[in-house]
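Participant: Going down the list, the sequences are from chains A and B. Take the working numbering: the final residue in the first sequence is number 496, and no numbers are missing along the way. Take the working numbering: the final residue in the second sequence is number 501, and no numbers are missing along the way.
In short, the hints are calculated from the structure, not lab data. Predicted model only: the values in this text are computed from it and were never measured. Positions of the beta carbon are idealized from the N, C-alpha and C atoms, including for glycine.
Label pairs and their in silico Cβ distance ranges: (1) B:Ser-372 / A:Arg-29: 34 to 42 Å; (2) B:Ser-372 / A:Gly-278: 35 to 43 Å; (3) B:Gly-374 / A:Val-201: 37 to 45 Å; (4) A:Gly-264 / B:Lys-385: 41 to 49 Å; (5) A:Leu-159 / B:Ser-64: 49 to 57 Å; (6) B:Ala-309 / A:Phe-93: 27 to 35 Å; (7) A:Gly-147 / B:Asp-422: 47 to 55 Å; (8) A:Arg-175 / B:Asp-377: 20 to 28 Å; (9) B:Lys-385 / A:Leu-159: 39 to 47 Å; (10) A:Leu-159 / B:Ser-372: 29 to 37 Å; (11) B:Asp-243 / A:Arg-127: 41 to 49 Å; (12) A:Glu-276 / B:Lys-385: 52 to 60 Å.
No farther apart than 27 Å at their CA atoms in a straight line, the calculated lysine-lysine pairs in the DSS-like style are these: (13) A:Lys-237 / A:Lys-90; (14) A:Lys-487 / A:Lys-475; (15) B:Lys-385 / A:Lys-90; (16) B:Lys-361 / A:Lys-90; (17) A:Lys-364 / A:Lys-475; (18) A:Lys-237 / A:Lys-141.
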Amino acid sequence: MNDVVDYEEAVAAFDPVLGIEVHVELGTRTKMFDGAPVAFGGEPNSRVTPVSLGLPGSLPKVNRAAVESAIRIGLALGCEIAESSRFARKNYFYPDMPKNFQTSQYDEPIARDGHLDVELADGTLFRVEIERAHMEEDAGKNTHVGGDAGRIHSAEYSLVDYNRAGVPLVEIVTRPITGAGARAPEVAAAYVQTLRDIFRVLDVSEARMERGNVRADVNVSLRPSPEAPLGTRTETKNVNSFRSIERAVQYEITRQAAVLLSGGTVVQETRHWHEETGETSPGRVKSDAEDYRYFPEPDLMPIVPDRAWIEELRARLPELPAARRRRLQAEWGFSDLEMRDAAGALDLIVETVAAGAAPAAARKWWTGELARVANSRGATLEELPVTPVQVAQLVALVDAGELTERLARQVLDGVLAGEGDPADVLATRGLRVVSDDGPLLAAIDDVIAANPDIVERIRAGRVQATGALVGSVMKATRGQADAGRVKELIASRLGV
Amino acid sequence: MSTLVGTTAAELARLLAAREVSSVEVTRAHLDRIAEVDGEIHAHLRTAAAEALAAAERVDAARSRGEGLPLLAGVPISVKDNVVTRGLETTAGSRILEGWIPPYDATVVTRLRAAGMPILGKTNLDEFAMGSSTEHSAFGPTRNPWDTGRIPGGSGGGSAAAVASLQAPLAIGSDTGGSIRQPGAVTGTVGVKPTYGGVSRYGLIALASSLDQIGPVARTVEDAALLHEVLAGHDPLDSTSLDAPVPSFSAAVRDADVAGMRIGVVRELGGEGYQEGVRASFETALGLLADAGAEIVEVSCPSFDYALAAYYLILPAEASSNLARFDGMRFGLRIEPSDGPVTAERVMAATRGAGFGDEVKRRIILGTHALSAGYFDAYYGSAQKVRTLIQRDFAAAFERADVLVSPTAPTTAFRFGEKLDDPLAMYLNDIATIPANLAGTPGMSLPSGVSEDGLPVGFQVLAPAHEDERMYRVSGVLERLLEERWGGRLLDVHGVNGGAR
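Looking at chain B on its own, in the form it has when it is part of the complex (with noise of 0.2 Å):
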């Protein structure tokens, strides 16, 4: 294994920049990782290597031509495979999609493009985002690099395990309700929900588009931080991107400093129902953050109780109507029925009988039945009203301290198949990531440590929306006194990738 494998994405720009290794070695060296080890961990849905080295040769000859470059150009990335690459397949995970080749790139991948950063592959989730496990993806599940017969986490377990088994430095992610978050808990990665809004949706297939929002998947703070720094700012194609200017978020990292600061542990998001070892972590890490000078409070978000309810009505009521353009009509898988007569409506139906999995199917009916007339008040309606009870409770909560934490996951990675047939428990995963999604505001994870069972455990830092520098400082801060304490990175500390470095 090439020691450029493993380093940093900030490590790696100075050595490109330094011209003490070229992009092409760079992106040599990761698809080289991933041709040894994604057989096992299956985090890429598929790459594209050639297309990778063409983009790292045009940097590399950019570079030696003395052109000024953007910091992480000839840093290899991978995306997930719901965020749409002009002609590189993208599938979200879904039969029906399979074969797909876009006609356009989303706007991260626009700015990705612009930054320099070769694209070495598209990233494997369940089907449409949906799911906490990928074991939804249709096209088999990926395995955790730190015990490959569990869960990487879900629906961005191909990201957060080919950053975590060191495929790629950097990955895109989608968080509707934890999908970047719970991942990165679950594999010992960082992984960053922005604000909604903070980065362009445009090119993301929508599961929730009031929910969903794009974000950086890597191994460090700070390579989340200069990474959020490429995919953020306004974009006019998506109307609900903001239009405000991009703060340093490597500063916040670099300078981070949390004398002073108030940090709010929310009661609801810990205690029965969170895994012994995952408590132990939490609380371990938060020593460290008042010994550093924070303050710590507790505050309650009562409404937090009623988030899980309200997200099982929201998401699945958008998805339902956003999932209704596969039809067999455009794009994408086509299935005409075996037998009577070929009609439009019979075709649609062939096409989504056979294209959607059985999770994917789940959600439309739930928010098909949620949406229809007579309903609408109780479910949809109620739900919009729980929606604004959390966003107050964030309110109150962020009056009174500075960022708010929790675990990120109540439980360490689970064993694949355990939680397939009890749909409830797969969604009781997400019970502390979904408030952020339902109030918009950011959250990230970052690793505190390994439970009792030598899994690794999330530690989520949120908060107000349009203050993603905040979360930034503070986890900054937590990474460098955890890593003083574990005498390295958690990953390299516990030989996840067998110690070969």
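Okay, chain A solo, but in the shape it has when bound (with noise of 0.2 Å):
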């Protein structure tokens, strides 16, 4: 039996459906239940206090900025918050949960019953429904030292540090995700991605991939088709990159329908993700076995919200990304296909249309000339050393016509180089379109002498072969005239 099988023949043959939990860390300034610091890093349990260790006697304290962060994030998602909701605990043993037990919300979350329209490449919206969003506390971290490559089983002992335990989360789920067909995993992306840019906007967390701020376990299972009751899942934990996610649900449906397809079953288990090999493999077995004896945590009362506080908090809710997208597209003027090619640098473009560019050159030489550049750079466009005022300062010198498109280029190159803004590259570069007929018309003289042929069969009515003779007077002077010009003195020289 293949470990996997060939993706369209996989999407043919089984329907899968999606589950998936996002945890996001909230940038408060504390814990979630105690006074200590909450920030990235710092010497290996020296963020904690009697409460983030667990020590005898001491108690937990709900953290007030975290339960807004929590409604701020359940309303972005359209949820019903909770009247009441509780605090339960998980209860489990693990040396990174300092208690023993995870305290985290149960049967009465704070936030359910809500929806997520994503957008997908080609501009189609999916709706992805969410059945919960909740509040946890981290745990610490593991590190496991000598043996293989910080592998448990090999490893001669491990280090716990605490500094992350206690850290607020919000746990969001979905319910199962169907009709995505074989674009699950573009859908898995886009939802983690699209959750990702409302953290942000919501301002509850930095939302960094690359420091776990915002982690997903993806849960993935194939059913014969749309009309089948769903399949047995795997759950794929930490995946903490969008392209990885899509890779994840791409690899695993791949691998349960080549155990399908051989007559085999879907274990349900954890699976972890191998960012090198781009697989997923086994992890712990889980079965509804496993039991976590939740029960309501008694150290802390139920949490009720002032319904007029989220009223408050709903009022002052920024404009979401999609919202926000639908209002500059018809600000801009933008055609669907403009507008998804204008994704990535949206708030590039409006600040430089804010700096008195047309949205249309903004996106033009943003999404052009600039993400070509960071392409080759490997680098984000905000990384790029030029500002989107530099850039607006750009479109302004061409729409005055002092530069034309191809100077406008080389400037840009200055100011990418660090000479500066585009006035003073001009300046110092001394770049200017030639307009004066002068010496535009030695250099068109030189190049008909050198070129009789050409200029043969131009006078025999081959007018478009005036092209070359436009590109050699062009690099005579060194792309600074207007070759609309060169060709209109071209052709009154030839007499065409």
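With the hints as a guide, bring both chains together as one complex.
Facilitator: In structure tokens, the structure reads:
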């Protein structure tokens, strides 16, 4: 039996169903249940209190700022905010859990029944139903020392850092995502990316995937047809980039299809994602026998948020990414295609337009020349040493006829090389559009004299051969001439 | 024996304020008393003599500078060993915490220190407060000063015996199902379980979080009230802490009057299963209250019959989770398996296997089972419903009566070993105290006399939530009437401490 089958074959034979759990670490000042500071890194076990170490006698205390963030996430996802919600204890033994239970929400989450419309690459909107969003605390971090590359089984010993223990998390759980078909991997990645964008706009988290601020667990199952009952699922844990989410879903679909097509059954289990190989491997077997013995956390009172406060938070929600895109598209008059093209540079275009550039010109520079440069440098657009204001200045110079498109690209090179604003580059490099016909005519005459055969062909009616002469003139003038004017002058010189 | 030993906290406070004695003298007298008698009683697991004397010196210095001091400043106290004390070993009576030095103070300890009360030491208890006799302490039982062949009650037998044997004028206890009140009853002392949330639990090593409550242990009702005033009040570190002003409990004692009060006798907390002498003592006390103008009414709380069963589901369930953190990973005992691989899971198992006693294991197993998938509704869920019914019974009873009363425990102090092999018989000793924990209402026990066996009997007063004052009023009157009748305090009259005074 093959480990995997071809993806096309897999999605032709089966209907994939997804379920995604996203954890976001909230960027609150202090932890979920105590006053220890929340910050990335730090000396191991320096950001702890008796509470985050689970010392005997310590008691939790709910962080109001974390509750506010959770409510705002719930509202942004169109959820109902519970009149009363409660924390529960999820009991299991693990050294990174100081109390050997996680304080989480179980049957009474703070938010439930929402949805998120996710835009796919071709512009279609795909609705993901949200079952719930709930608050919980993060665990500490284990480091396995000695043996085989940080694996627990061969380690000589393990170290535990509780700095992360108790950091507030919001977990967002989808209902089964059906109807994505072959696009399931894309839907999964786009869903998490859309959530990430929302976390950032809400300013509830830095939402940096590479720091693990946002972590996704992806459940995948296959069924023979959309009418069939749900198949057995696997849960691939901690997939932490959009690309990996897409690849992991795709891999699981091809792996499960191979199992099912060879007459096997999918094992309900947790799986680990391996970035290098693009494969998943089995972790611990997850079955209904795993019993967390949930019960209401007796050390905390139910959370009963004031309804007026919720309405105030709702009223103060920032414009969410999807609504903003719709508004900008209308303001800018972009086609759907142009808008998708602009998606990766939206903020930069907004700022460039604010600095006076026309939306179309701003889009053209950021998604064209600058995207090319960024790509070749392996950098993001934001990392390029050019500001939206400088791009707007460049556009203004072109609009004023002081630069041709081609010269403008040279000026941009100068800006990127740190030579200053476009006007500075223009001056120091001595780049000017040559609009005085005198020097142009001299160059044209030289070119005509040097290319008698081409001149012959033009005179014989092959007007398009003029382009070769224009090119030579432009080259001779280092691109500073207006190509249109050159063409006119050649025509009049040759009397055609 | 110094005459300072055996003096009430209220009187010590007066002597200290008048500068007739120093805190160092008072503290030293009690440390000497501990050295003299605790070899036999074993009320304290450890003392903190140097720290206590240093604290006493600071109070004396402040007083000599003329600084205004809290009322009980300079009066020493002992603290139950499930309340964490910064820099002073805290074990909860368990091997698994032996040697653990907490890096922080419980809120009540912070308040004792702020009140200038030197901490004499830490008192013995049943391991993690699970028991009614202190026989389950990993460090050996405490003996009852009335009869050293008998138990001092539990789990707070150490605090009660310390106060009864004049080793400390005051002590801190914790009460999950009667662990302050039942030891009070069997040692002839006063014990108070405040309204749930009335005293911060921050720093109390949790047994069952929804039932636990810290409270005062004393020899007189007024002393209990004075200590209660130090302990009570909102604590932002405990989410279940009440945010309400603390009334003057000691004023309620001083101005006590029961004329016109309706006192309800709970039909279900008496009668069959209650020792004859216990019933007789209770009836005598009731008669005194009636003579003082109280109206005695009988009330029925039928759901109390299910209290013990509900309690022994909720308590183990919460305890099984609360005690999960004792795993050898961060503090306390750590045992590596003697053979096979040393994995975290195996270290946890070996540590818990070696560190917990049988009663603790019994309750962890019970609680783990009660919370298991498929059993949760039948066990924990049903128990919570019983809890609601008990709260309703209390509410109905308090419609008819201002306070409720009962014997604190069905029997006087039993002999060591008598109930050790019969957990159910042991559990039944808390039958009258448990309902208040399930309902979150306050309760206190004060001595009502001695039984036919010459052992003390406790009288329990129960009040509605947030009405702790009422039980101080009733107890204050009853104590005065009883002492008039006895011609002194019970401990003195019966020469419990050798009549040396």
